[in-house]
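Taking the hints into account, I'd like the entire structure generated from these sequences.
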Amino acid sequence: MDRIYLDWNATSPLLPSVQDAMTEALESVPGNASSVHQHGQQARSIVERARRAVADAVGAPGQSVVLTGGATESNNQVLRSHVRRVDDPHIVCSAVEHPSVIEVVEQLGEEGVEVAICPVDEAGRLDREYLRDELKAGATLVSVMWANNEMGNLYQVGELADMIHEYGALLHSDTTQAFGRLPIDFESSGVDIATLSFHKTGGPKGIGALVLREGCKVGSLMAGGHQERGRRPGTENVPAAAGLEAAAQAVDEQVETWQQEMKQQRSTFLEQLREAIDDFEIRGHTEQCLPNTLNLAFPDIDGEDLLMALDLEGVSVSSGSACTAGSLEPSHVILAMGYDHDDARRSVRFSFGPSTSQASLEEAADRIGRVVRRLSNI
Amino acid sequence: MSTTEHIDIEQKTPDIDLPPVEDPDDLSSIVEDRVVVAMSGGVDSSVTAALCAEQGLDAVGLSMRLYATPQEDYSKSCCSPDDLFDARQVADESNIPFYVANYQEVFQERVIDYFVDEYRRGRTPNPCVACNNHLKFDILLDRTLALGSRYLATGHYARVDHSGDRPRLLRGVDKTKDQSYFLFGIPREALDRILFPLGELEKGEVREHAERLGLVTADKPESHEICFVGGGNYEEYVEERLEEEERKPGKIVHQNGEELGEHDGIHQFTIGQRRGLGLSYHERLYVQSIRPDTGTIVVGPKQGLESQGLVAERCNWLAFDRPTGPIECDVQIRYNMDPVPALVTVGDDADTAFVEFMEPQEAITPGQAAVFYRGEEVLGGGFIEESR
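Keeping their order, the protein sequence lines are chains A and B. Under this note's numbering, the very last position in the first sequence is 378; numbers go up by exactly one each time. Under this note's numbering, the very last position in the second sequence is 766; numbers go up by exactly one each time.
To be clear, the hints were calculated from the coordinates, so they are not data collected in a lab.
Using C-beta positions, here's what the derived DEER-type ranges look like:
| no. | chain 1 | residue 1 | chain 2 | residue 2 | range |
| --- | --- | --- | --- | --- | --- |
| 1 | A | 30 | B | 601 | 47 to 55 angstroms |
| 2 | B | 411 | A | 278 | 26 to 34 angstroms |
| 3 | B | 642 | A | 219 | 51 to 59 angstroms |
| 4 | A | 205 | B | 605 | 33 to 41 angstroms |
| 5 | B | 669 | A | 376 | 45 to 53 angstroms |
| 6 | A | 99 | B | 657 | 53 to 61 angstroms |
| 7 | A | 99 | B | 517 | 25 to 33 angstroms |
| 8 | A | 121 | B | 432 | 47 to 55 angstroms |
| 9 | B | 601 | A | 99 | 30 to 38 angstroms |
Computed footprint of chain B on chain A; a stretch qualifies when at least three of its residues, placed anywhere within it, have a C-beta under 8 angstroms from a C-beta of chain B:
| no. | stretch |
| --- | --- |
| 10 | 300-311 |
| 11 | 366-378 |
We treat Cβ as the ideally placed atom computed from N, Cα and C, and that holds for glycine.
Okay, here's the thing in structure tokens:
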């Protein structure tokens, strides 16, 4: 039985070009990118090429990109360094942010920083009046994700930027799930600071980035090194940077094609599911959404049951967050959208990528139908 | 060559046969040889899982997350207690899939709340029976169907005999470890779907299997405590969960009417208890009855503990739908005792059983299980309501 991987929003298989670049760097680039000698210069070149490739892929100037250890680190860095740099920090984030934003905001609140969590409606849309009130009350940083990891909802951050800037606040956006799924143009987006991750679309894990608008500054989370102009101390991850260059180039060249392909796959997959299963509910926004994500709920079927049963049928999916030990609470995203506890537990997320074949989606729909019928009979 | 006491493991490996089961409904895609193994992270369930895997069954490990351990309380994150890590590692070593299912809510309601409530009522609960009845052999058994399996295997020391025209629940071969007492509440129709691979083994043999299979849990010490109370003492645990007005302090009274002292809560007492009464008296005194309405603890000499019979409620019958007449059998009213001969009758309602002992019995304790045996076989059982 061939396993089918439908959990790209957790992570994705490496693109062949990424794997080649990383293997090459592991084999033949021994140097430290901060060393003066030729070995060091060879490594430095890889890191800088990666930085430019990222900048090109999101339409930003090269020097605006800070490489980090991943999106979680990037988000922590933005929020914590803002508090250190600003006199009266006041941070607002949406109720559907990734834990690496929302839990940091909650922590900062416990540490005495003024924070607010902006509610969403049942489709996951931000309460703009609430946001405006916070801005009037002196908010200094607003963090709203570009696309939600669980529902796939898009957040039209560009439309928020004017309002946020009108009150002199900064806009941070976590683009982790959007990068490589739809075009991102940083210059025109109005976003001041963007968090980037690359492993959701074939890039390496263990490397991420921040993109900063001119004049925006972030401090370091850590001390002990001058790397990334003091903003990210620690020896550069050269093999990951090599993979990152390849991944960013692929995204730059192909993101529009991928987007169209995935859109098509998504609608075909939905049709196939409708043939296999009488009744299910699509959660989240059905228009303003990622092309690769479907959050579904099946009547009277617990998401945990469905996830395990599908896994045994060779289909890898996820329910709520990617918590291996079984999360204690249902997804905060779905609860924030107003579903009750039991309803929230029914959500299962299917996410795929450009290399997911039509045939495997068809096979997946078949297996899902079988498992859902079995579970409905118990 | 000298003889040794070394056990020949190869000969002692149980054959795990899957009995034929009639499917209750049209369940598409049931996998013929799939077995869900309930894994607690202890050595017994570890060996159960590893033996199922070794015999080529399509084994799936499942751990139940039942309660938050104190170090988890500060965050709602999913850091796993050590036992779940051990279970996961054994599943990994046995090369079988492994999942954790979250049953905290139902465990709280059906086991912990019940446990505290029984003490509130002056009774002595048996949380292991409650867990078997309401979690393992109810919702977990349902979950096996969700996972495409008819069968649930656990590491209990008990056997199910499938050789006759109906399955029979039997004591485990290791008489010092036999756990059939805790299993009387298994639904009768579920016996065909339950596997106890360790029932044919002695505990020592199970440890040897664990060594042979190189399981990380091979040397793990056995736990005799109530799992959710942890290392703490259960009186404190119950006290923390009682409201101030529920503590029921009261008098300690001799059966002859003499007031001997006071106490600050009936939950600290169990029938037959001798230690910790805080009394000085010219003869040994035992708790004879607990009166939750007045908070009175009645004590007296040992002979006053004896009763000729008992009433059991919420009975479950395994050997038949319901008894058709009085049954001569052996009755066990505590885990650690030899069963004693008795006559058991049921009223109009098979939920209630009346037990008449051949010889009077000491310390019949409301809340504990009364389990009915004929030889090795568990006929059924219920919860002791009162002595009579």
